[in-house]
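Q: Residue numbers (full-length UniProt numbering): 1 to 127.
Hints are computed from structural coordinates only; laboratory data are not their basis.
There may be inaccurate statements among the hints.
Quick list of simulated restraints, FRET-style, between CB atoms [as the list claims (entries may be wrong)]: (1) D115 <-> A91: 16 to 24 angstroms; (2) I45 <-> A87: 32 to 40 angstroms; (3) F11 <-> D82: 33 to 41 angstroms; (4) D115 <-> N26: 31 to 39 angstroms; (5) G46 <-> N26: 34 to 42 angstroms; (6) I107 <-> F3: 37 to 45 angstroms; (7) G25 <-> N90: 27 to 35 angstroms; (8) A87 <-> E4: 35 to 43 angstroms.
Here a beta-carbon is modelled for each residue, glycine too, at the ideal position from N, C-alpha and C.
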Amino acid sequence: MPFEPINPPQFPTPIAPYSAGAKAGNMVYVSGVLALGEGGTVLHIGDAAAQTRHILDVIKVTVEAAGGTMADIAMNHIFLKDLDDYAAFNAVYAEYFPGDKPARYCIRADLVKPDLLVEIASVAHLA
1 MPFEPINPPQ FPTPIAPYSA GAKAGNMVYV SGVLALGEGG TVLHIGDAAA
51 QTRHILDVIK VTVEAAGGTM ADIAMNHIFL KDLDDYAAFN AVYAEYFPGD
101 KPARYCIRAD LVKPDLLVEI ASVAHLA
């Protein structure tokens, strides 16, 4: 089955060869999203909550560009640089998923730049 790349025009050019998302049938796969600006500049250094908010806003726009909503997200893959940021992350995350919660996992991991604290990749299932 062919897929359609999803690259909302308002986002900076990716720092590696990938699309922001890909739609295949009724599935939308959102690449791992980081708090990056144009040219790979790290945004909200030292603030896991602000990085989480930025990331979830990017995911929201990407899923919407594919014809979905945040309520269509069925799975989130979460990476935190430091598990001490878990509570701050969850406080913001809960705002974006107020109803039924998607499946998820959360692991501690080194991210591609030292000042990045959070990364999320998502899978949405469109009705």
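Q: Would you mind marking each hint as holding or not holding in the structure?
A: Status of the hints after comparison with the structure:
1. D115 <-> A91: 16 to 24 angstroms: Holds: the Cβ-Cβ distance is about 21 angstroms, inside 16 to 24 angstroms.
2. I45 <-> A87: 32 to 40 angstroms: 19 angstroms, violated
3. F11 <-> D82: 33 to 41 angstroms: With Cβ atoms ~26 angstroms apart, the hint is violated.
4. D115 <-> N26: 31 to 39 angstroms: 36 angstroms, holds
5. G46 <-> N26: 34 to 42 angstroms: Given a distance of about 39 angstroms, which is inside 34 to 42 angstroms, the answer is holds.
6. I107 <-> F3: 37 to 45 angstroms: Cβ of I107 to Cβ of F3: about 26 angstroms, so the range 37 to 45 angstroms is violated.
7. G25 <-> N90: 27 to 35 angstroms: 31 angstroms, holds
8. A87 <-> E4: 35 to 43 angstroms: 37 angstroms, holds
Figure legend: structure checked against the earlier numbered hints; hints not met, in rising order: 2, 3 and 6.
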